[in-house]
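Colleague: Here is what each chain is made of, one letter per residue.
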Amino acid sequence: MTPGARRPDLLPALTPLIVAAIAAPFIGSLPTFVTLTVASLAMGAMLFVMASGLTLAFGLMDVLNFGHGAFIAVGAFAATVVYQFAPHGSLATDLASFVAALAAAAVVCGFVGYVYERLLIAPVYGRHLEQILITIGGSIVIEQLLLALFGTEPLDLSPPAAFRGALVFGQIAVEKYRLVALGLGVLLYVLLLLVLSRTRIGLLIRAGVENREMVEALGYRIDRLFTAVFMAASALAGVGGVLWGLYQSQARAGMGADLLVLVFIVIIIGGLGSVTGCFLGATLVALIANYAGFLAPKLALVCNILLMVAVLLWRPRGLYPLGAK
Amino acid sequence: MNLTLDGVHTHIGRYHILQGVDFQAPAGLTTMLLGRNGAGKTTTLRTIMGLWRASRGAIRLGERRLDGARASDVARAGVAYVPETMAIFSDLSVRENLLLAARAGAMDEARLDWIFGFFPALKTFWASRAGSLSGGQKQMLSIARALIEPRPLLLIDEPTKGLAPAIIDGLIACLKDVKERGATILLVEQNFRVAREVGDRVAVMDNGRIVHAGEMAALAEDAELQGRLLGLSLDSHQ
Amino acid sequence: MRLLSGDPPRGWPARALVVLVALALAATPLLFHGAKPLEVAEKICVMAALAASYDVLLGYTGIVSFAHVMFFGVGAYGVGLASYALGPGWGAMALGLAGGLALSAALALAIGLFSLRVQAIFFAMVTLAVAYAFNVLASQLPDLTGGEDGRSFRVPELLRPGHHFGHWLGTAVTGRTLTYYLVLAGAAALFLVLLRIVNSPFGRVLQAIRENPLRAEALGYRIVFHRTLAVIVTALVAAFVGGLDAMWLRYVGPDTALSFSIQIDVLVIVVIGGRGTLYGAVVGAAVFVIAENYLRALIGAAATATADLPLLPNLLHPDRWLLWLGVLFILAVRFAPRGIVGELQRRHDEGRRS
Ligand SMILES: Nc1ncnc2c1ncn2[C@@H]1O[C@H](COP(=O)(O)OP(=O)(O)OP(=O)(O)O)[C@@H](O)[C@H]1O
Ligand SMILES: [Mg+2]
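Chains as they are written, first to last, in numbering that gives the first Met the number 0: chain E, 0 to 324; chain R, 0 to 237; chain L, 0 to 353.
Be careful, since some hints might not be right.
[Unchecked claim] Partner residues are not named here, just some residues of chain R that face chain E (Cβ under 10 Å, in silico):
1) S71
2) S89
3) L99
4) R102
5) M106
6) D199
[To be verified] Each computed SDA-like pair below joins lysine to any residue, with the alpha-carbon atoms no more than 20 Å apart:
7) K297/E <-> L136/L
8) K297/E <-> S138/L
9) K297/E <-> D142/L
10) K297/E <-> L140/L
11) K160/R <-> G135/R
12) K175/R <-> P25/R
13) K297/E <-> N134/L
14) K297/E <-> Y180/L
15) K175/E <-> L94/E
Keep in mind that the hints were calculated from the coordinates and are not lab data.
Since we're looking at a predicted model, the values are computed, not measured.
Idealized CB from N, CA, C, for every residue including glycine.
Assemble the whole structure, with the sequences as input and the hints as a guide.
Modeller: This is the structure in structure tokens:
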């Protein structure tokens, strides 16, 4: 084989189509199928936003933050604060306040992520057991602080008027907000891929995922790089939290803990550390959640666990495992 | 710049690997670091590079103390490293590998052409994924990464491993040229022909200590000394 | 000594602490009147045995499981649902317990084989997901499990509060007293079994794997086999404890048997008590349960005292007690990783050496 010819591994990329094809006959009606599928794609996009940073940080430093879910909730609450003060009414103001909410969530979560990383994670680099314990502790503290600051009742986080309602094509209705979430998720995915392939910091991250020591021996501070990646991961979790909060029309302190389970399934399926795998994993998990949610609502989560088992039996390290480490 | 090691000890976990390493790699010369397998050569380079921490002793580059510094600071002090494992970034292209090694940002075209002169394969596979290169090509890339910007000190660990004779000749020419340009080189090498050809000075290690230091030429002449210091295995490498 | 498998707590402070807890638990029905002290003591027994079995995983084997409480719940549901369906009786409880143990072993085997091949972190993630899904499933199948509301059930005649055995030292001895001593005896027996396990050759292999997996593998130990066996054995103990607790509560539901917060409590108890000591679980459980029941009130009092200040009363609200627990937990992991018993033993060991 000549160097450079890289056999493209397309099979995993087809799995969402396979899942959709299998589910379609069971669902029966076309409009329902389309609605469910669009809902899945939107949910997948949101899960991707929440999970992408986590998987990247793990790939780079072997650090898995069990408190990642707490950042999702922090993002949603940051958005409620913005929406309290933001004007609304016209399309322009709705858009502006949406962007402001996303930005606020990213900034707040990035900052909290910085403190969290320096205070909790840096002292236990390379020690998995302590990492798990201390990040569990961190998640408890953040969640409780949210409860102390915002109260125990969920806060309202309805999408602005511009995003409400649905577009109707014949019998098929597609909620506008789902398209917004889907669009933003895909945009972030493309941006992330561009950063990873076109920028120096992206190259450093990919290089560091493979060999931290050599990156350091070339003269770069891997710990600072990781802190930056961790902040970005936290910011992405926050953005995902805003999207999810608007989707559910509320912000709850416990939302992160619920989502973390799905996020874990996503990154395990995708292959720890892989961004593309994460995108696929998120789509698959969302498809299963929606199809199963329609066909056998009680078994939705169990079906996703079975999906994880099936994927791992097929590919023990996930759909797109990272190369030799 | 002179590289000086003064009573350097290194522990890895519970093991005491380097047990007082003293030698000097004089400025502008190529110093060979020789010794049996497991003597501690790689550990010495890694300790200089800051990838292991010296538990005792001093490492100096010119006037500057390197012991205790992070690897990134050692690199920024002007040390380039070609590890025994090559450690190329296989997910990145050849170009991207070199780009990261060029900390200044852009790569110097003239210098690149100079490198291509020794290792033409790198030009051919410029845009390929480094992971798909052959073993020898990866070795070339690893060396090129250390050369892409001028550095005062090069630490090179067994660069000829797996290289075809023609490429070894290119490497020898390259190393001589690098020295001409004023760099100090510390080279670990099992291939005695290469050692004899590029080495000015030599330090021989055993069991984590330097057991002999002197002129490379003198060692090359003295078959008895070679046999005593390096064992018979050397001849089979030629 | 035989009973303790030749492994008593090292040094008199640790020993005194453990003996104190054990004596207090044994004497609670005689020393105190009213329902609350007995509730607290029962919870300490249950949490101590549950945490001790978790410590075999966390402290001795070096793996983090988030599904340990799931096995506890399986045991509890086994006893509860069997008693509910078949009517009160010793046979129903035994049958339920046996079913719970069997299901626990099967689940543990599946999870262990499936996810212990890879890194520890992977096991933690998978167990988290599985336990969560199990919890959701249990609350969504009301016909079988009673759903969110759970199931109240009746226990055999002998164990009911209305059953009077008479008086002893001025205390009424009822079916509850008997139940309490059954729980205490069961928990103590399970603890001694765990102590025997960690001091057996199998326990030493687990520790060898924890210390250096590569070396242990080189010595020929099958890592996945030993770790999976550890998960199964501890799952069985947890299920047993769950059965005991259900018998005491005469109720099973997601909140008392499966909730993630119990898992966190167990984690906190083991870390604060001292992981890898087993006795730490006993001391940790006592400290934790007492703090949970009595310190909460203290925090609440502080909240009232600071009512005029901004935010502080919110942080000191009794319901925010988890916040302070979380802070304490982080501090313990960072600065006192040996926990109470581990630290006492270390001081003793150092004192002897010098
Ligand atoms: N990470 C490590 N952990 C434990 N021991 C190590 C480690 N790395 C090296 N050693 C030990 O240190 C000693 C020196 O190893 P080193 O790699 O420096 O030898 P070397 O001279 O480079 O040998 P070779 O010619 O085979 O490359 C050996 O005995 C080796 O087993
Ligand atoms: Mg070597």
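Colleague: Would you list, in rising numerical order, the hints stated earlier that this structure does not obey?
Modeller: Numbers 5, 6 and 14, in rising order.
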